[in-house]
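Colleague: Make the full structure from the sequences, and use the hints.
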Amino acid sequence: MKIKLAEAYFVFDLDDTIYKEIDYKISGINYLVKQISQIYGVNLESSSFYNVDNFIQEIQRQLKLPSEVAQSLLWQYRNHNPKIDIKKDIKDTLYYIKKNSSGIAIVTDGRSITQRKKIKSLGLEDIPVYISEEYESEKPEHKRFKMIESSNSSLNYIYVGDNVSKDFITPNKMGWITIGIKDNGLNIHQQSVSDFSEDFLPNFWIESIADLREYFH
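Sequential numbering from 632 applies to the sequence shown in our numbering.
Errors might be hidden in some of the hints.
As the list claims (entries may be wrong) - Subject to a maximum C-alpha distance of 16 Å in a straight line, what follows is the list of computed EDC-like cross-link-like pairs (lysine to aspartate or glutamate):
(1) LYS813 x GLU652
(2) LYS813 x GLU838
(3) LYS656 x GLU699
(4) LYS748 x GLU676
(5) LYS804 x GLU829
(6) LYS651 x ASP720
(7) LYS751 x ASP716
(8) LYS633 x ASP842
(9) LYS748 x GLU764
(10) LYS651 x ASP716
(11) LYS656 x ASP684
(12) LYS797 x ASP830
(13) LYS633 x GLU845
(14) LYS722 x ASP826
(15) LYS797 x ASP826
(16) LYS722 x GLU756
(17) LYS751 x ASP654
(18) LYS730 x ASP757
(19) LYS718 x GLU652
(20) LYS651 x ASP814
(21) LYS718 x ASP654
(22) LYS656 x GLU676
(23) LYS804 x ASP830
(24) LYS748 x ASP654
Rather than coming from a laboratory, the hints here were simulated on the basis of the structure.
Modeller: Below you can see the structure in the form of structure tokens.
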């Protein structure tokens, strides 16, 4: 695979593609535990919830709180200012693409405030972002992909993501080049490749966004 940057438009997923979503989960749990200590005077061990799927329900159970309070905790989690970062080689690659390609964007599913706070924490505010809640459209629905492509249909569009259940099937159908970031064991959604047909799989797999540089010319 060779990518001529001047003729390419890159679209990236966010969670578990640009950064590890587990870092957001840990940040949110740390924030909740601190809030609980201040409000209820109860000290919980943050790390005991890191590997719990429904950690808010577990916090609620341990504190013997009603379900209504759990909803408030969930709201706090979704709206906290996350302490997350992006690896330097990945950020450098994104901005090299931004400078030298025909375009770059982020297409991510999630809530507007939550995802925009992630983008701000990662220092990526100057990259256009298409968030599902803002467009009332979630992947694999094609709405946001079509909007991006409509600006110049003659370019080579390249989509980079991680979730085989929804990330690649639509850009595959549209004739885009699709590239998957391999799960290093930390992804929130595991890559059960054997559960899906080829239509759902990327054209190529790489270890990290930084590996894209090997294919530029």
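Colleague: Indicate, hint by hint, whether the structure satisfies it.
Modeller: Taking the hints in turn, this is what the structure says about them:
Distance check on the hinted pair: LYS813 and GLU652 sit about 14 Å apart at the alpha-carbon level, within 16 Å; holds. Between the alpha carbons of LYS813 and GLU838 the distance comes to roughly 5 Å, so the proposed pair stays at or under 16 Å and holds. Taking the CA atoms of LYS656 and GLU699, the gap is about 21 Å. The hint is violated against a cut of 16 Å. Distance restraint check for LYS748 and GLU676: the Cα-Cα separation of roughly 25 Å exceeds the 16 Å cut-off, and the hinted pair is therefore not satisfied.
For the proposed pair LYS804 and GLU829, the alpha carbon gap of about 11 Å is at most 16 Å, so the pair holds. With a C-alpha separation of about 14 Å, the suggested pairing of LYS651 with ASP720 holds against the 16 Å cut-off. About 10 Å separates the Cα atoms of LYS751 and ASP716, which keeps this hinted pair within 16 Å; it holds. Our distance criterion of 16 Å between C-alpha atoms is met by LYS633 and ASP842, whose separation comes to about 12 Å.
Only pairs whose Cα atoms come within 16 Å are accepted, and LYS748 paired with GLU764 is accepted, the gap being roughly 14 Å. Distance hint between LYS651 and ASP716 is fulfilled; the C-alpha atoms sit about 9 Å from each other, no more than 16 Å. For the suggested pair LYS656 and ASP684, the alpha carbons sit about 10 Å apart, so the restraint of at most 16 Å is met. Distance hint between LYS797 and ASP830 is fulfilled; the C-alpha atoms sit about 10 Å from each other, no more than 16 Å.
Proximity of LYS633 to GLU845 is assessed by CA-CA distance (about 9 Å); at most 16 Å being required, the pair is judged to hold. A hinted pair counts as satisfied when its Cα atoms are at most 16 Å apart, and LYS722 with ASP826 does not qualify at roughly 32 Å. Of the pairs offered as hints, the one joining LYS797 and ASP826 holds, with about 13 Å between alpha carbons and a cut-off of 16 Å not exceeded. For a cut-off of 16 Å, the pair hint linking LYS722 to GLU756 stands: about 12 Å separates their Cα positions.
Between LYS751 and ASP654 the alpha-carbon distance is near 15 Å, which keeps this suggested pair within the 16 Å criterion. Distance restraint check for LYS730 and ASP757: the Cα-Cα separation of roughly 12 Å lies within the 16 Å cut-off, and the hinted pair is therefore satisfied. Of the supplied pair hints, the one linking LYS718 and GLU652 holds, its CA atoms being roughly 13 Å apart against a limit of 16 Å. Distance restraint check for LYS651 and ASP814: the Cα-Cα separation of roughly 10 Å lies within the 16 Å cut-off, and the hinted pair is therefore satisfied.
For the given pair, LYS718 sits about 12 Å from ASP654 by alpha-carbon distance, which is consistent with the 16 Å threshold. For the suggested pair LYS656 and GLU676, the alpha carbons sit about 15 Å apart, so the restraint of at most 16 Å is met. Proposed proximity of LYS804 and ASP830 is supported: the alpha carbons are some 8 Å apart, at most 16 Å. This hinted pair checks out: LYS748 and ASP654 have alpha carbons roughly 14 Å apart, not beyond 16 Å.
When each numbered hint is compared with the structure, violations occur for hints 3, 4, 14.
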